[in-house]
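Visitor: Chains A and B supply the protein sequences, listed in that same order. With my numbering applied, the first sequence corresponds to residues 6 to 86, in that order. With my numbering applied, the second sequence corresponds to residues 348 to 603, in that order.
Calculated from the structure, these hints are not laboratory results. Just to be clear, a hint being listed does not mean it is correct.
As the list claims (entries may be wrong) - Partner residues aside, some chain B positions facing chain A, computed with beta carbon under 8 Å:
| id | residue |
| --- | --- |
| 1 | Val403 |
| 2 | Thr461 |
| 3 | Pro488 |
| 4 | Phe589 |
| 5 | Arg600 |
| 6 | Ala602 |
Every residue, glycine too, gets a C-beta built ideally from N, C-alpha and C.
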Amino acid sequence: MNATTVVQLLLLVLVAGGGLAVVLERNPLNQSMVLGVFGLTLAMLFLALQAPDVALSEIVVGGFVVPTLVLVALAKAKDHQ
Amino acid sequence: MTTRGRLTLFVLSAVGLTAVLVASLTGLPRFGSDAGRYGRLINRSAAVERHVPEAVGAVTFDYRGIDSFGEESILFAAVLAVALVLREQLDEDDLPYKLDEDPGAVTAGETTETVRLVGMTFLPLVVLLGLSVIGHGHLTPGGGFQGGVVLASGLALLYVAVDAATFRTALPDGALEPVEAFGLSAYAVIGLLGLVFGSAVMDNFLPFGHLGRLVGGGTIPLLSVAVGIEVAAGTLLVTAQFIDQLVRVMRSRSAR
Numbered sequence: 006m007n008a009t010t011v012v013q014l015l016l017l018v019l020v021a022g023g024g025l026a027v028v029l030e031r032n033p034l035n036q037s038m039v040l041g042v043f044g045l046t047l048a049m050l051f052l053a054l055q056a057p058d059v060a061l062s063e064i065v066v067g068g069f070v071v072p073t074l075v076l077v078a079l080a081k082a083k084d085h086q
Numbered sequence: 348m349t350t351r352g353r354l355t356l357f358v359l360s361a362v363g364l365t366a367v368l369v370a371s372l373t374g375l376p377r378f379g380s381d382a383g384r385y386g387r388l389i390n391r392s393a394a395v396e397r398h399v400p401e402a403v404g405a406v407t408f409d410y411r412g413i414d415s416f417g418e419e420s421i422l423f424a425a426v427l428a429v430a431l432v433l434r435e436q437l438d439e440d441d442l443p444y445k446l447d448e449d450p451g452a453v454t455a456g457e458t459t460e461t462v463r464l465v466g467m468t469f470l471p472l473v474v475l476l477g478l479s480v481i482g483h484g485h486l487t488p489g490g491g492f493q494g495g496v497v498l499a500s501g502l503a504l505l506y507v508a509v510d511a512a513t514f515r516t517a518l519p520d521g522a523l524e525p526v527e528a529f530g531l532s533a534y535a536v537i538g539l540l541g542l543v544f545g546s547a548v549m550d551n552f553l554p555f556g557h558l559g560r561l562v563g564g565g566t567i568p569l570l571s572v573a574v575g576i577e578v579a580a581g582t583l584l585v586t587a588q589f590i591d592q593l594v595r596v597m598r599s600r601s602a603r
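Let's have the full structure, built from the sequences with the hints guiding it.
Guide: Spelled out as structure tokens, the structure:
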């Protein structure tokens, strides 16, 4: 059980916790922020599993594209109510 | 369906899914065991054959270059679909962006000094980071797609730091669309030039240079730049469409 395995285990637990946090957060506006943090933990997991390209893709997608999509959809949906 | 019915269905499905998951996960190879024959082969030969230390980049732009063309085209089609879905409706009026317009009329209010300062400080840094990730696609992890989105997010800071009018005037659709199209067609042209100067489409026909140099690896850095240009312009187009929607929402909200 060396340091790498410990880090990977810790990040796996964090990812599981992050996923749970995204689901348990009911307010969509807060949920988009939690989604961004979840994407970051997922990217760190990919980095710990020695896949830096995948981690970079996850950072840009989970940090920029997905929150933008969710926030704009939220604004539009709220406006239509 | 009643809540109870939904819950029953979920429990049954969850039990079945758990059983299948456990059965399949126990049959997997040990965590961290052999990466597979193709992985070992690429690790051995990518740097030697293509003089490129980034094996993933060599696979994405050379050994499996046609896949990246497909991915680029998917992004192009997605940007087209977003622009189509969010096009101006009959009951929506035109959005003329005037730079000297009162910022409060377009956005919810002027951005604060802090946001403006931090945003404008980070804009050149993030743009530089994006350009670096794109340009070093054959040397460091990353490449065209990742660097392209970083570049787009850096330029989108113009909207965050200032206002929508500045963003749309500095990066209008009329400028972004040809750039995106150029990125996609550049990839296709380089691929076809492989047929002209080499032996097949997507053949790496340029000289490979020295390992680890910025100029090297044949067509790999060129394809990375082409993908970066296309992805950056496409992401900015999608962001621009979203910003238009946000401005419409804010205008209708202030009109009420």
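Visitor: Evaluate each hint against the coordinates.
Guide: Hint by hint, here is what the structure shows:
1. Val403: holds, 5 Å
2. Thr461: With a minimum Cβ separation of about 19 Å from chain A (threshold 8 Å), the hint on B/Thr461 is violated.
3. Pro488: holds, 4 Å
4. Phe589: Holds, because the Cβ-Cβ distance from B/Phe589 to chain A comes to roughly 4 Å (cut-off 8 Å).
5. Arg600: Given a least distance of 7 Å, the restraint on B/Arg600 holds.
6. Ala602: This interface hint is violated because 11 Å lies over the 8 Å limit.
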